[in-house]
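Its first residue numbered 10, the sequence shown is counted upward by one per residue in the numbering used here.
Please note: incorrect hints may appear among the correct ones.
[What the hints assert, rightly or not] As a list, the in silico DSS-like pairs of lysine-lysine whose alpha-carbon atoms are at most 27 Å apart:
{"no.": "1", "residue 1": "288", "residue 2": "449"}
{"no.": "2", "residue 1": "56", "residue 2": "112"}
{"no.": "3", "residue 1": "259", "residue 2": "365"}
{"no.": "4", "residue 1": "64", "residue 2": "112"}
{"no.": "5", "residue 1": "91", "residue 2": "64"}
{"no.": "6", "residue 1": "360", "residue 2": "346"}
{"no.": "7", "residue 1": "360", "residue 2": "259"}
[To be verified] Simulated DEER-style distance windows between Cβ atoms:
{"no.": "8", "residue 1": "338", "residue 2": "476", "range": "42 to 52 Å"}
{"no.": "9", "residue 1": "238", "residue 2": "42", "range": "36 to 46 Å"}
{"no.": "10", "residue 1": "324", "residue 2": "550", "range": "44 to 54 Å"}
{"no.": "11", "residue 1": "386", "residue 2": "89", "range": "35 to 45 Å"}
{"no.": "12", "residue 1": "253", "residue 2": "371", "range": "41 to 51 Å"}
Hints are computed from structural coordinates only; laboratory data are not their basis. C-beta: ideal position from N, C-alpha, C; glycine also.
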Amino acid sequence: MFELPFTLPSIHAAYQQGTRPEAIVEEVFRRIDVVADPGIFIHLFDKTEVLEAAKALGAHDPDKPLWGIPFVIKDNIDAAGKPTTAGCPAYEYHADEDAFVVKRLRDAGALLIGKTNLDQFATGLVGVRSPFQPPKNSVDPKMVPGGSSSGSAVAVGHGIVSFSLGTDTAGSGRVPGALNNIVGLKPTLGALSATGVVPACRTLDTISIFALTVDDAYSAYQVAAAFDAGDAYSRDIAAPELPPLPGKLKIGIPDTGSIEFFGDELQARSFYDTVDLLKQQGAEIVEVDFTPFYDVAHMLYEGAWVAERHTVIEELMRDQPEAVHPTTVKVVSAALKLSATDAFRGFYRLKELARKTEPVLASLDMLCVPTMPTFYSVADLEADPIGPNSRNGTYTNFVNLLDMCGLAVPVAPRSDGRPGSVTLLAAAGKDWAVAALGRKLEQLGSHTLGATGWSLPEPVTSLPGAAPGELAIAVCGAHMSGMALNHELTSRGARFLEAARSSDAYSLYALAGGPPKRPGLVRGAEGSGAEIEVEVWAMPAENVGSFLAGIPAPLGLGKVTLSDGRAVTGFICEGSGTAGADNITHLGSWRTFIAGPNTAAPVVAAE
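I would like the entire structure built from these sequences, with the hints used as guidance.
This is how it looks when you write it as structure tokens:
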């Protein structure tokens, strides 16, 4: 049993072969004993209690996606009947009920094992700012475990549980992932309810998810994501099945003048090796001046959002200052020098800086950055508690301020054996997009899972399709991935489903007029045309109207029959619109026409 990888597919397979959840629970506690790190848990549940919960699951229920899957939560997240400390014994209270997200996970069959250590009040990216004994990095005990979600990441890194919950305000769901060679999923703000979570910065917080693989992290996210009317910051964010990658992605990276590794050449080499892998997959890499993003990042600890942290522990700092970690006091005390006027100035400044990033982000599908610029040891933090922590946030601090989602993905180890990791960042609601690329990226970079030595499993595949509330739309021209009008889809929340071809009843024309040239897909009799390259995208139904309103005549939306016989909504052209058009059916692709020289057939008249 000890060799059983605690990935979701492995545990599901064990259950299908007759293993009981009680056996998994016994194995969890055996692994805890073997790891022998008392710093991981603040509240480890009694094994008898967890065994009873496992027994209460009854017969195997495949309709519960997390049936019998062990997980842990950071101790600023509530579990019914258990204490919550947020890493501060003087703050402790007993929760009457599960946090909203914890309840959803348990209702899906997941087994909660305990509550894990953290940087006190989720203030830190190093994992050693705790009055409790800090956990040790699962890969290299000399390195910091990463914070603030240290215990949650270490538990997954050791393979003790399949996934865990952390939180993320400044990078606490990503940096610990990188340091422990695991996946760190930081959702769009509001996608996971904050009900039952001790806030750090209420307006910027999100629960995060650690797992050994992207598929496992995303599976937990799909269960956890739901609108919560009781959380004023909750948002209804779609969590569809992961689609395949579009044929062409435009990915931004920091340019050579603004990228920062603080002299760590091995970290730089690891990052650029990953960029090369993206290029090999057909991605267009765009170098971006990251100065505006760094300017946003500096806002997090310089003004309004430090004051927001102070709202959580104001009374404790006033009445029991000795109960607060000295570094936490130093960081949060900056709020005492700020006024309401300063806070509003901060809000205005953030808006100004965010506006500078908007054109850059609008021109890209996503960003790829190092998860952290370099590594720091426990000894480094003892010598300087502030500096290394700040530098760990180089590529994380701006993300929630700009309302982006992110995914820290393990890649091939560095040449010195330390874990490799990059983070994919995209606009709010694009969690599925970063996960889709992340699952591909983790497969390209040869690495084992966490500190376990387990091999990366094959990704779970599923047939692409539109989710409820979405409409599948076939496009054949400049709206395809990597082309000039693709942003008209992505800006409306559309996601790529598949590359396909039409039936052979269609002819493709380059319509008269322009520039730019426009394609026209015209249906005739079966066999009268050719199979034409199309892409199928899923668009939220509420955005289809505005999309349709922008389609000029003679184009419109109708039904397009694909080569496999399926009929989907797609671009079609009126027959009269082909007057003076070039017939390019023989090319079979608008991409080919745009990329090539004079490849059109003779001009034809409209029938």
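Are there hints from earlier that the structure breaks, and if so, what are their numbers?
12
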